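Residue numbers (this note's numbering), protein chains in the order written: chain A, 61 to 444; chain B, 6 to 91.
Hints may be right or wrong, so weigh each one.
What the hints assert, rightly or not - FRET-style restraints, in silico, Cβ to Cβ: (1) B:F36 to A:Q195: 21 to 31 angstroms; (2) A:L343 to B:E50: 26 to 36 angstroms; (3) A:D184 to B:E52: 31 to 41 angstroms; (4) A:N336 to B:E50: 20 to 30 angstroms; (5) A:Q433 to B:K23: 47 to 57 angstroms.
Hint data in this document are derived by calculation from the structure and do not stem from the laboratory. Bear in mind that the values here come from a model prediction, so they are computed numbers and not experimental data. By construction, the Cβ of each residue, glycine as well, lies at the ideal position given by its N, Cα and C atoms.
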Amino acid sequence: MNTDRGLFPIDLTENQIESEKSFVKFVEEDILPIADKIDREDDMPESVFERMTELGLWGAAIPKTYGGMELDNMTLGLLARALGRGNASILSLLIVHSMVGSVLSRWGTNEQKQEWLPKLAKGDAYASLALTEPQGGSDASNLKLVVEKEGDSFRVNGKKTWISGAQHSDVAIVVGSLEGKPTAFLIDLNEVEGLSRKKIQGMVGFRGAMLAELDFENCLIPKSSLIGRVGFGFSIVAGYALDLGRLWVSWGCCGISESCLKMSVDYSAERMSFGNKLLDHQLIQKMIADMMADVTSSLLVCYHTSKARDENGTAVDESAMSKYIASTASRRVSDNALQIFGAAGCSESSHIQRYWRDAKIMELIEGTTQIQQILLGRHAKRYF
Amino acid sequence: MENRNAIRAFIQKRVNHKELSDSDNIFKLGFVDSMFALQLVSFVEKEFSVVVEDDDLVIDNFNSVDAIERFVNSKVAGSVSSIVAE
Ligand SMILES: Cc1cc2nc3c(=O)[nH]c(=O)nc-3n(C[C@H](O)[C@H](O)[C@H](O)COP(=O)(O)OP(=O)(O)OC[C@H]3O[C@@H](n4cnc5c(N)ncnc54)[C@H](O)[C@@H]3O)c2cc1C
């Protein structure tokens, strides 16, 4: 193993290497110093949004034609990896915003693209993706939010909950049931009458992801809100978003795991116990070895999935595999890190306890661990 | 015929090699899950160099080997006629 190039030296182009350097610089200078404060205060400071606007990051996944950066899937992954090291809430806000941007670029009408993509790319408007309902998120096509045709409009009734960014987002893709079929709509949240937002705080992790419940009561939205066609809201629109979302979450998990591993190695190489460095005790070495294996396998599968997505446009099975491997790995790695740090890792002044809480959330969002397992198990036969 | 074979091979793999005729409605038979549609769209675009537009998202275009072949042929014919028109 070439130690100069890190644990897993992935092959990157010059551009990708330069981009990663700038992402890491942003995270080290602007995010890490305030990462624990964001978590403690359960809120995202305006300065973070502004800095991301200056760097053009809101347009990371949006085509250049609309003022975005149009980054390839490998570079997007490197951005998520850096943000995972920094603060998972910021990553999650950027993920949902980018999922909406990328869905609109692919499946939006011309009018929707022209109206929203330039604003989303510049950070002049923020977006959320609203799938989950109070009765459940995993059974996502069993929708209770009902949309009915009414003249030249649609009438919307129902609730969406645990929606990242929804405390402040201007627009959301909302999937509801129209004629009994899952269908996606682009809703201007500032214009729609009858919508109430309820702030959600005090989650175990992702404290700063600006979660809210959206309650649509007899809301009228224009006919032009439809994205794609009736019945394709889950399989195509949400599916396309989740394909990107899962990849990004996976790379974010790599960031968490790598930070936990590095901090654990540094700490255990210094800390003394029973007259020896922690790192000299074999039970600690076992934990570190497990962490190295988890980090390496997570990076490998993410690298593979980014490549597949760059080549094929989507990578459904690969994204599910990445999400499964990297999120379960980051839960184990952060747990080992907390064990190695002992009480010091549990203190609110340590990043470790935050990584540990955020890693658990990673196993729930964009499809839980069980949902990825079901998907992979169901698709297994096609490979043999 | 070549198009049909490629489509059949793609679908056959995704229905866990169950018995399937070219006219069988794969959605009605419940042979595929929600992520299948997205994979099918990506396959059609890549394999036949066509672009699936939001207007094309009609279940009748994708529900059987026969339907997908018809859809691909009409898209290919459409792109040829637009090149000729230019
Ligand atoms: C911080 C945070 C941010 C979020 N942001 C968003 C957002 O922006 N947009 C959005 O739409 N949603 C969001 N969510 C919701 C998230 O997507 C859901 O929590 C997730 O899909 C699971 O749904 P649920 O919590 O209702 O659990 P349920 O679906 O009720 O599942 C409960 C448990 O049962 C398991 N389970 C369910 N079905 C099966 C089965 N068939 N077999 C085996 N096990 C099963 C699940 O894996 C889970 O462990 C967010 C959640 C969190 C915590």
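Here is what the structure says about each hint:
1. In this structure the hint that B:F36 and A:Q195 lie 21 to 31 angstroms apart at CB holds, the actual value being about 27 angstroms.
2. For A:L343 paired with B:E50, a C-beta distance near 52 angstroms fails the hint of 26 to 36 angstroms.
3. For the pair A:D184 and B:E52, the beta carbons lie near 39 angstroms from each other, so the given range of 31 to 41 angstroms is met.
4. Distance hint for A:N336 and B:E50: a CB-CB separation of about 59 angstroms, inconsistent with the stated range 20 to 30 angstroms.
5. Distance hint check for A:Q433 and B:K23: the Cβ-Cβ separation is about 22 angstroms, which falls outside the suggested range of 47 to 57 angstroms.
The earlier numbered hints that this structure contradicts are 2, 4, 5.
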